[in-house]
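Colleague: Here's the letter readout for the chains.
There are 2 protein chains.
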Amino acid sequence: MERLTAVGPTAYERHRSLLHDVVRAMAAGECRLPFTAATGQDAADAGMRSTRTAAKVFASLLGRPFDLDQQGELGRVATEFSPYGIAMDIRYPHCDPAALVAAASRATAGWRAAGPAERAGLAVEILRRLNTRSHELALAVHHTTGQPPGAAFRAAGPRAQDRALEAVAQAFAESERVPADLRWESVRGRPLEMRGTCTLVPRGVSLLVGCADYPLWNGYPGLFASLVTGNPVIVAPHPRAVLPLAITVRVARQVLAEAGHSPDIVTLAVAPPEERLHRRLATDPAVRIIDFTGSARFADWLEQYARQAVVFAQRTGPNTVVIDSTHDYRSLVRGLASSLCRCNGRVRTTPQNLLAPAAGIATDEGPKSLRDLGADLGEAVDRLLGHPARVARLVGAIADDTVAAEVERAARYGTVVHAARALRHPDHPHADVRSPLLVRLQARDERVYGREWPGPVAFLVGTDSTAHSLEVFRRTVGRHGALYAAVHSTDPLVLAVAESAALDAGAHLVQNLADDLPADPSSGGSDLPAAGAHFVTGRFRVVRSRRHVAAAA
Amino acid sequence: MERLTAVGPTAYERHRSLLHDVVRAMAAGECRLPFTAATGQDAADAGMRSTRTAAKVFASLLGRPFDLDQQGELGRVATEFSPYGIAMDIRYPHCDPAALVAAASRATAGWRAAGPAERAGLAVEILRRLNTRSHELALAVHHTTGQPPGAAFRAAGPRAQDRALEAVAQAFAESERVPADLRWESVRGRPLEMRGTCTLVPRGVSLLVGCADYPLWNGYPGLFASLVTGNPVIVAPHPRAVLPLAITVRVARQVLAEAGHSPDIVTLAVAPPEERLHRRLATDPAVRIIDFTGSARFADWLEQYARQAVVFAQRTGPNTVVIDSTHDYRSLVRGLASSLCRCNGRVRTTPQNLLAPAAGIATDEGPKSLRDLGADLGEAVDRLLGHPARVARLVGAIADDTVAAEVERAARYGTVVHAARALRHPDHPHADVRSPLLVRLQARDERVYGREWPGPVAFLVGTDSTAHSLEVFRRTVGRHGALYAAVHSTDPLVLAVAESAALDAGAHLVQNLADDLPADPSSGGSDLPAAGAHFVTGRFRVVRSRRHVAAAA
Numbered sequence: 001m002e003r004l005t006a007v008g009p010t011a012y013e014r015h016r017s018l019l020h021d022v023v024r025a026m027a028a029g030e031c032r033l034p035f036t037a038a039t040g041q042d043a044a045d046a047g048m049r050s051t052r053t054a055a056k057v058f059a060s061l062l063g064r065p066f067d068l069d070q071q072g073e074l075g076r077v078a079t080e081f082s083p084y085g086i087a088m089d090i091r092y093p094h095c096d097p098a099a100l101v102a103a104a105s106r107a108t109a110g111w112r113a114a115g116p117a118e119r120a121g122l123a124v125e126i127l128r129r130l131n132t133r134s135h136e137l138a139l140a141v142h143h144t145t146g147q148p149p150g151a152a153f154r155a156a157g158p159r160a161q162d163r164a165l166e167a168v169a170q171a172f173a174e175s176e177r178v179p180a181d182l183r184w185e186s187v188r189g190r191p192l193e194m195r196g197t198c199t200l201v202p203r204g205v206s207l208l209v210g211c212a213d214y215p216l217w218n219g220y221p222g223l224f225a226s227l228v229t230g231n232p233v234i235v236a237p238h239p240r241a242v243l244p245l246a247i248t249v250r251v252a253r254q255v256l257a258e259a260g261h262s263p264d265i266v267t268l269a270v271a272p273p274e275e276r277l278h279r280r281l282a283t284d285p286a287v288r289i290i291d292f293t294g295s296a297r298f299a300d301w302l303e304q305y306a307r308q309a310v311v312f313a314q315r316t317g318p319n320t321v322v323i324d325s326t327h328d329y330r331s332l333v334r335g336l337a338s339s340l341c342r343c344n345g346r347v348r349t350t351p352q353n354l355l356a357p358a359a360g361i362a363t364d365e366g367p368k369s370l371r372d373l374g375a376d377l378g379e380a381v382d383r384l385l386g387h388p389a390r391v392a393r394l395v396g397a398i399a400d401d402t403v404a405a406e407v408e409r410a411a412r413y414g415t416v417v418h419a420a421r422a423l424r425h426p427d428h429p430h431a432d433v434r435s436p437l438l439v440r441l442q443a444r445d446e447r448v449y450g451r452e453w454p455g456p457v458a459f460l461v462g463t464d465s466t467a468h469s470l471e472v473f474r475r476t477v478g479r480h481g482a483l484y485a486a487v488h489s490t491d492p493l494v495l496a497v498a499e500s501a502a503l504d505a506g507a508h509l510v511q512n513l514a515d516d517l518p519a520d521p522s523s524g525g526s527d528l529p530a531a532g533a534h535f536v537t538g539r540f541r542v543v544r545s546r547r548h549v550a551a552a553a
Numbered sequence: 001m002e003r004l005t006a007v008g009p010t011a012y013e014r015h016r017s018l019l020h021d022v023v024r025a026m027a028a029g030e031c032r033l034p035f036t037a038a039t040g041q042d043a044a045d046a047g048m049r050s051t052r053t054a055a056k057v058f059a060s061l062l063g064r065p066f067d068l069d070q071q072g073e074l075g076r077v078a079t080e081f082s083p084y085g086i087a088m089d090i091r092y093p094h095c096d097p098a099a100l101v102a103a104a105s106r107a108t109a110g111w112r113a114a115g116p117a118e119r120a121g122l123a124v125e126i127l128r129r130l131n132t133r134s135h136e137l138a139l140a141v142h143h144t145t146g147q148p149p150g151a152a153f154r155a156a157g158p159r160a161q162d163r164a165l166e167a168v169a170q171a172f173a174e175s176e177r178v179p180a181d182l183r184w185e186s187v188r189g190r191p192l193e194m195r196g197t198c199t200l201v202p203r204g205v206s207l208l209v210g211c212a213d214y215p216l217w218n219g220y221p222g223l224f225a226s227l228v229t230g231n232p233v234i235v236a237p238h239p240r241a242v243l244p245l246a247i248t249v250r251v252a253r254q255v256l257a258e259a260g261h262s263p264d265i266v267t268l269a270v271a272p273p274e275e276r277l278h279r280r281l282a283t284d285p286a287v288r289i290i291d292f293t294g295s296a297r298f299a300d301w302l303e304q305y306a307r308q309a310v311v312f313a314q315r316t317g318p319n320t321v322v323i324d325s326t327h328d329y330r331s332l333v334r335g336l337a338s339s340l341c342r343c344n345g346r347v348r349t350t351p352q353n354l355l356a357p358a359a360g361i362a363t364d365e366g367p368k369s370l371r372d373l374g375a376d377l378g379e380a381v382d383r384l385l386g387h388p389a390r391v392a393r394l395v396g397a398i399a400d401d402t403v404a405a406e407v408e409r410a411a412r413y414g415t416v417v418h419a420a421r422a423l424r425h426p427d428h429p430h431a432d433v434r435s436p437l438l439v440r441l442q443a444r445d446e447r448v449y450g451r452e453w454p455g456p457v458a459f460l461v462g463t464d465s466t467a468h469s470l471e472v473f474r475r476t477v478g479r480h481g482a483l484y485a486a487v488h489s490t491d492p493l494v495l496a497v498a499e500s501a502a503l504d505a506g507a508h509l510v511q512n513l514a515d516d517l518p519a520d521p522s523s524g525g526s527d528l529p530a531a532g533a534h535f536v537t538g539r540f541r542v543v544r545s546r547r548h549v550a551a552a553a
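If you're matching them up, the sequences are chains E and P in order. 1 is the number of the first residue of the first sequence in UniProt numbering; add one for each residue after it. 1 is the number of the first residue of the second sequence in UniProt numbering; add one for each residue after it.
The following block holds chain E by itself, in its conformation from the complex (with noise of 0.2 Å):
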C-alpha cells in the first residue's frame, strides 16, 4: 500500500493541470507541446538526462539479455542490426504470444476499473518517465532506424510524447464526456424515479504492429490511446526496430506496477521473423484493436483476417507537392531539396512526387522551366550535402537492404534529374548512405509513380497544367493514400481546388510550406493521425444500466 500511495492515486492530481490544459487547448484548435517548449536548463529541471549520461546508458544496453519479467518466456532473441555497423546484439524476452494475450487478458478487469482519471494520470507518468530519457531514447531509435540524430531526436524525444499527450488527452476528454449518471425526464403515463449510469466498455486486448522507420512517432498515438480508454496493450515492435519500443514498455510496466497495476497491461512481444509473430497476435481472438502504420499491403491484410478486431491501419503512399507557382522560388527549392534529403527507410514521410506543369511554373525569378527546377533542386541537394558534417546531420542511412535495388530500378524509368550518389558519412564509414534519387518523369507513366516507393526515391512529373496536376493527385493519393499532401501557389484559386482535393482524397495539406511535412516529427504541428475522434471513441462502447430509483435504496 505504500507505493500505491506513493504515485497511484495522485498520478492524476500530480498532473491534473496539464492534462486540463492539454484538453482545453486541443478543443480551442490549439496545439500545446508542452515537452518540446521546455528548453535547456527546463529540461534539466524537469529531469532530462544529459547527451553523454544518455550514451552510456545505452552502450550499457548492448550485447545483453534486456529484462522485462513477463509471462510465458521460451527463450531470448536478437533481431536488430544497427546501419551504423555498431554490434546491438540486444536479447530480448521471446514470450509464448499466447502467454501474453492471456496476461493482457487478466489484466484487463483492474484497468478497466482504474477508471479514465487514474489512467490519463498514468499514461502521463510514463510520459514524463520517458522524457528524462529522450536522448538514450533518440540513440535507439537512431542505431536501428538510421536516422541521423537531429531527426531521432525529433522522433524519439519531446516531439514524439507531445503527440502521445495529444493521444492521452483527446482519449481522457471523451471518455470523460460519457456522462456517468442518467437520468429520465417525465412522460406521460410514466414515473420519474428512474436512474441509470453509463458505462465506458474498453473494446479488450490492443496489438500495437510496431513500423521499422518511425517506432515512437507512429506507435505512440495508438498506444497511449489505446490505455487511456482501459484496454491493455501488447507491443510487437518491428524485428529491425525494437529497442526504442522495449525501452518504452519498460518504462511503462516500472510506472504501472509502482502504481499498484499488473505491469502486464503494456507487454512486448519479439519474434524470430519465421514465427510469423504479427500475424498470430493479429489474428488472435481476444486481439480487439490493432494499430499499424505502414504499407497498403499488410493494411488490407489486417483489415481482411484480423476481423475480430477494430484495426486503426494509417496507409503511407505516395506524398505529393503540387507546384503551380511561387513568390519565393528560393526557398521553394532550398525546402524541397532539404525534404527530399531526409529521407531514409521505408515509411515515408518526405514527399516522393513532385507534380509540375512541363511547361514550366511562374516565380518571382521569372517563369522556370521544368527542366529549370529539376537542375536547381539537383544543385540544392548538392549544396545541402557538400560538407560530410552536413551528411551526417542530414541524411539517414539505409536499414533495409532491398532498398538498394529499388533505387537503380526507379532510376530506369525517366531522365535522371539528380543521382542516387554513395555519400561517406564521417563517422561511420560503413554506413550506406545515399543522396536522393530524382527522376523526370512524364504524367502517364502513373504506374512508375502512381505507388509508394522506398528509400531516397522522388519523381518529378510534368503535367499538362495544374489543373491536370491536381487531377493526377486526387486520383493517386485516392486510391493509395499519403501521409499528407503539399502545395505551391500563389493563386488561391488554386489553393482552394487542392484543398477541396486533398479533402476528397483524405490526405492532410500543407500549402506553402516548402519543408513542413505533416506526417515528419521536424514538422510544426504533432497531428494526430487523420482518424479524428474516432480514433480514440472506436476503442470503447458505452454500456448503460437502469433501474427504479426505489428498487435501488
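The set of hints was computed from the structure by calculation and includes no laboratory data. Heads up, the beta-carbon is just placed ideally off N, CA and C, and yes, glycines get one too. This list has only true hints and no planted wrong ones.
Restraint-style ranges between C-beta atoms, simulated for each label pair: (1) E:Gln304 with P:Gln41: 55 to 61 Å; (2) E:Glu275 with P:Ala467: 37 to 43 Å; (3) P:Ala375 with E:Gln304: 52 to 58 Å; (4) P:Glu274 with E:Glu275: 47 to 53 Å; (5) P:Lys56 with E:Asp181: 44 to 50 Å; (6) E:Gly110 with P:Thr402: 45 to 51 Å; (7) P:Asp96 with E:Leu74: 56 to 62 Å; (8) P:Glu176 with E:Glu73: 47 to 53 Å; (9) P:Ala467 with E:Asp67: 38 to 44 Å; (10) P:Glu408 with E:Gln304: 40 to 46 Å; (11) E:Gln304 with P:Leu74: 31 to 37 Å; (12) P:Ala359 with E:Arg14: 48 to 54 Å.
To give an idea of the chain E side of the interface with chain P (calculated C-beta under 8 Å), a few residues: (13) Ala28; (14) Gly29; (15) Glu174; (16) Gln304; (17) Leu509.
Starting from the known structure of chain E, arrange chain P on it as the hints suggest.
Modeller: Just chain P now, with coordinates in the frame of chain E:
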C-alpha cells in the same frame, strides 16, 4: 431563391434552441423526449394529424404507385403483405442500384459544403414533419410488421422521433467539437505565424439496411447520424416493411428540395427479392457506411464482404433475464408475462431466456419453485390475453410465415409451461396471432436456448444457482450478443455481479424493472445503439490543412 430563404438557412435558426437544449441535456446525462412529451393539445398545436385524417391518408396510399421522382427508375415493385390481411399493393419505384449510388455520390459535395449546423437544422425539420404524420407512420408499421396499434405508434411515432433527435444532437455536437481553426504555440526555432483549418470530411455514401420488425425505431439513429455528419443515405428497407421508410424518405426529400439541396441526399431502394439488392448495395465500392440491426449471420456477412465500408451492426440475440429474488413477486410475474406477450416477429426486443435457479427463488410471498414461477407466468399470460380486446392491444400478428414451424420445433425441446395457442383477433379474424410459448429447459440445453429464436418463443431455464445463471448469461450473450439484459434481485451483490457480467458481454442492463426493455420502443428511455460516440464519429474523418499566415494573406 424564394424557397431557399423560406426553409433553408433558417431551419437551423428555427430549431437551434431545441437542438442546443438536447445537446446540453445529453452531455449532462439527461434524456429529453420533446416529441414524446408533447401531449394532446400540444401535439395538435404542433401539427400532428388526427388518427382519422391519418387513416384516410393511409388508405389513399394503398393499391397505387408511390412516387418519389428518383434517378434510374426501371419500373415498379410491390413487396408487402399485411399480416392483418388488408391488400397493400403499393408500387414503389424499382431503381437501378448503380443509378442510386451515382446520384448519392453526386449529392455528396453539396451536402458536405452545407456544414453541420444546416444539416442538423434540416434533420430536425424532417423530424418535425414526420411528427405530424405519426399516426400515418404507425399505421404503416402496424400493417407491415404486424405490431398492434399502440406498439406501432410507439415504434413509429414520437418515441422514434425522439430517438432520432438524440442521434441528430449527438452528431451535431461531435461535428461542432472539431475546431475550425488551428493555432500553433511558439516553439524554439520555429516561427509563430502558422495557421490551419480542421475540416470534417464525411465518409461517403451511407446505406441503411432496414429491418422487418422495427423499421423506423432501428433505422432512424443511423439514418440521421449519417445525414448530420454529411453523408447521403440510400435507404433499403426490408421487402416486408417498406412503407414506413418510404414515407420517411419522401418527407426527407421534400425538406431537402425546399431548402435548395439535392433530394438525392436521401433515396429509397426497393427491388424484387431475387435481385439481392442489399448485398449488391453493401458491396458497392462507393458505399462507405452501413447500418443494420438484425441477425448475427447477416451482420457477419456484412463485416466479411462489405469491407470498403464501416459497418454499424446491432446484433440481436437471446435477450436474457436473470431472476434471483424479488421484493414484489406479483409485479415481477405480471411484468414478465406482459413482456412475453409483446413479441411478434424476428427481431426480438422481448426476453427469450429467463434464467432462475432450479431450486427456486426468494420472494416477498415466500420461496417460489421454478415450477411455481412457470405456472404463475402461464396464468398471468392467460389473464392478460383473456379478453379479445386485450389480445388486439397487446399481441402482434406474425408477419413471417416461417415462424410457425420454429414455434412448433421449440416446443419439442422441453416441458411446455405455456403453449403457443392461436388467438382470435377481434377485427382481423385471419391474422396469425398467438400466445407466447414458454418452454422449461435445463442449463445444459444451451444448444437450444443459446441461439436467438424468432417470434413468441421463450425459455425458462433452471440453473444450479444465480452464480450459474450469471455464468450462462455471460457466455451466451458474450458469444451471440443481445439487445439487452435484465436482472431481478434484492441482493446488491448480485446486482453488482450482474452489472459486471453485462459490461463484459456488452449488453445494456436493466435492474428490477420487469416490463421495461431498453431495446423496445415502449421503454422509458430511448437509448441509442450501444456503440457510443463511435456511432457518430465513425461516420467522418478530420483533415487538417496548414499554411503560413503570410502566405495566406
